[in-house]
Amino acid sequence: MRSLRSIAAIAGPMRELGPYAIIGLVVPGGSLIVLGMWAYRHRDWAAKHLGRLLIIVASMTSALVFPHG
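For reference, each letter of the sequence shown is one residue, going 1439 to 1507 in the numbering used here.
Calculated directly from the structure, the hints in this document are not laboratory data.
Some hints could be false.
Between beta-carbon pairs, the in silico distance windows are [to be verified]: (1) Arg-1453 / Ala-1485: 37 to 43 Å; (2) Met-1498 / Val-1465: 24 to 30 Å; (3) Leu-1442 / Arg-1490: 31 to 37 Å; (4) His-1506 / Arg-1443: 38 to 44 Å; (5) Ser-1441 / Leu-1488: 22 to 28 Å; (6) Pro-1451 / Arg-1481: 16 to 22 Å; (7) Ala-1501 / Arg-1479: 20 to 26 Å; (8) Gly-1489 / Ala-1459: 26 to 32 Å; (9) Gly-1456 / Gly-1489: 26 to 32 Å.
Glycine residues also receive a C-beta, built at the ideal position from the N, C-alpha and C atoms.
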């Protein structure tokens, strides 16, 4: 019984992430498209955490502009 609950706990989030993963892997530039789709879908959460979100986006952007290597 417990293993069914743990499988259900994992399967729920995977169902939500599935379409994002497919787009991110198949479409050129898919990770940026997925980020935009996720932000649009969770815009209420993003509005509450806008400052933190801007810091994350800025750090990701700087990593793309100034790669280590």
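Tested hints:
1. The hint said 37 to 43 Å for the Cβ distance between Arg-1453 and Ala-1485, and at roughly 25 Å that hint is violated.
2. Between Met-1498 and Val-1465 the Cβ separation comes to about 18 Å, which falls outside the hinted range of 24 to 30 Å.
3. Checked against the given bound of 31 to 37 Å, the beta carbons of Leu-1442 and Arg-1490, roughly 36 Å apart, stay inside it.
4. Checked against the hint of 38 to 44 Å, the C-beta distance between His-1506 and Arg-1443 comes to roughly 42 Å, which is consistent with it.
5. Taken as a hint, the range 22 to 28 Å is violated for the pair Ser-1441 and Leu-1488, whose Cβ atoms sit roughly 40 Å apart.
6. Under the hint 16 to 22 Å, the C-beta atoms of Pro-1451 and Arg-1481, about 19 Å apart, fit the expected range.
7. With their beta carbons about 24 Å apart, Ala-1501 and Arg-1479 fall inside the hinted range of 20 to 26 Å.
8. Remark: the range hint 26 to 32 Å for Gly-1489 to Ala-1459 is upheld by a beta-carbon distance near 28 Å.
9. At about 30 Å, the beta-carbon gap between Gly-1456 and Gly-1489 stays in the expected band of 26 to 32 Å.
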